[in-house]
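Protein chains: 2
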Amino acid sequence: MGGTVEFWFDFASTYSYLAALRVEEACQRADVALRHRPFLLGPIFQEQLGIKDSPFNVQPVRGRYMWRDLERLCEKYGLPWRKPTVFPRHSVLAARVGLCAGGSAGAVTRAIFKANFADDRDISSPDVLREVLGEDAALVDRAQTEEVKAQLRANTKEAQQLGLFGAPDFVIRQGSGDPLAEIFFGHDRMDDAIAWAANGR
Amino acid sequence: MGGTVEFWFDFASTYSYLAALRVEEACQRADVALRHRPFLLGPIFQEQLGIKDSPFNVQPVRGRYMWRDLERLCEKYGLPWRKPTVFPRHSVLAARVGLCAGGSAGAVTRAIFKANFADDRDISSPDVLREVLGEDAALVDRAQTEEVKAQLRANTKEAQQLGLFGAPDFVIRQGSGDPLAEIFFGHDRMDDAIAWAANGR
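Line by line, the protein sequences are chains A and B.
Each residue of the first sequence is one higher than the last, beginning at 259 in the working numbering.
Each residue of the second sequence is one higher than the last, beginning at 259 in the working numbering.
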């Protein structure tokens, strides 16, 4: 058994969508453990860039490219894709739901990401999330407890301390609380990160 | 024979270094033609971001990650690497040299990039460039003609019109002046771009 990959993501992030749909299978193939770590990009963009929107909206030239790139990548990997009519969608509630999904984290995470980026649904709505989650719908109420809210704030703070500046990210540590975490940014680094964890370096 | 890949780059750009050292061999393997297109990122960053420095300096959290990422990628691909003591280096003269290298564009481009990112040399200096170029040293004088200066301005303007926002980029067109150019941004998209050109789509 190899190491563990922490998968850090925001449900509003386009490249996180790609990674979310592929990471569990890729980790299983490499015999690497996977831990889902939802966090919020909003406070990070505000702190580092001084913006209250996605950088892809603030920089329209880059944004135009990103949408074309996503379309091309989804075709490459055979993933469903529909450009959402609202971007970025508020992802706070979805992140809290992801946080308390326990052993269903993989399936719950994929279902919410698909709702946003394959079905263009409003994942900020509790009713939409309940429908999307089906038998896991009770998570939407559990997500709104103070304990879960505090957990999400802690995740986002940890992301800042790790030096994350976007999503998705793949984090590999030598041990718990390891200050020398190895960080891989972007869906483009997913395979490198998993190989790093599998090889114990 | 497949299509043609235009390789757009700035000699100050770290990820362009990786691409420059790998692109010619990768194109040859895929039987795709290659055209070197040096341009300047400075005016683009100034126009789109309002900054007169590299975004990796303006955003230090992202910058820290980039340096680690480059080190890791050079190890992965077996490329020499030394973090330059000055970043970004002024790349105007180097870009002009690259522009007039003709059939030696590949070798000249690699030599200048290695000087900057493997040997930490000041590629803004004509004397350094002459030394680095060896038998092609006469290019440094040819580079300073009005004609070449105008060509570089035209390349940078074309980059802006294409919607480039960083480097490297790989551009594939259906025909000359094709407004529907397919653009691939980043060393991470080099293989996808070459496959696109090879498959005629």
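These are computed hints drawn from the structure, not numbers from a lab.
For clarity, every value in this text was computed on a predicted model and none was experimentally measured.
Honestly, I wouldn't trust all of these hints.
Not close to chain B: a few residues of chain A, all C-beta gaps over 10 Å, as computed [what the hints assert, rightly or not]:
no., residue
1, A288
2, D289
3, L298
4, V319
5, K334
6, K341
7, K407
8, G421
9, F423
10, G444
11, D450
Using 25 Å as the maximum straight-line C-alpha spacing, the simulated SDA-like pairs for lysine to any residue come out as follows [unchecked claim]:
no., chain 1, residue 1, chain 2, residue 2
12, B, K415, B, Q286
13, A, K334, B, G424
14, A, K334, B, K415
Ideal Cβ positions, reconstructed from N, Cα and C, are used throughout, including at glycine.
Each hint tested on the structure:
1. Interface exclusion of A288(A) from chain B stands, the closest Cβ pair being 16 Å apart, more than 10 Å.
2. Listed as a non-interface residue, D289(A) keeps its Cβ farther than 10 Å from every Cβ of chain B; the least gap is roughly 21 Å.
3. For L298(A), the non-interface assignment is confirmed: its Cβ lies about 16 Å from the closest Cβ of chain B, beyond the 10 Å cut-off.
4. For V319(A), the non-interface assignment is contradicted: its Cβ lies about 5 Å from the closest Cβ of chain B, within the 10 Å cut-off.
5. With a least CB separation of 7 Å from chain B, K334(A) falls inside the 10 Å interface cut-off, contrary to its annotation.
6. With a least beta-carbon separation of about 17 Å from chain B, K341(A) lies farther than 10 Å from that chain, consistent with its non-interface assignment.
7. The claim that K407(A) lies off the interface holds: its Cβ sits roughly 25 Å from the closest Cβ of chain B, which is beyond the 10 Å cut-off.
8. A Cβ of chain B approaches the Cβ of G421(A) within 10 Å, the least distance being about 5 Å, so the stated non-interface status is violated.
9. The beta carbon of F423(A) sits about 5 Å from the closest Cβ of chain B, which is not more than 10 Å, so the claim that it is off the interface is violated.
10. Distance check on G444(A): its Cβ comes as close as 8 Å (rounded) to a Cβ of chain B, failing to clear the 10 Å threshold; non-interface status is violated.
11. Distance to chain B contradicts D450(A) as a non-interface residue, since its nearest Cβ pair spans about 7 Å, not more than 10 Å.
12. At roughly 29 Å between alpha-carbon atoms, K415(B) and Q286(B) are farther apart than 25 Å, so this suggested pair is violated.
13. Simply put, K334(A) and G424(B) have alpha-carbon atoms about 23 Å apart, close enough for the 25 Å limit, and the pair holds.
14. Of the pairs offered as hints, the one joining K334(A) and K415(B) is violated, with about 31 Å between alpha carbons and a cut-off of 25 Å exceeded.
Hint compliance for this structure: hints 4, 5, 8, 9, 10, 11, 12 and 14 are broken, all remaining hints hold.
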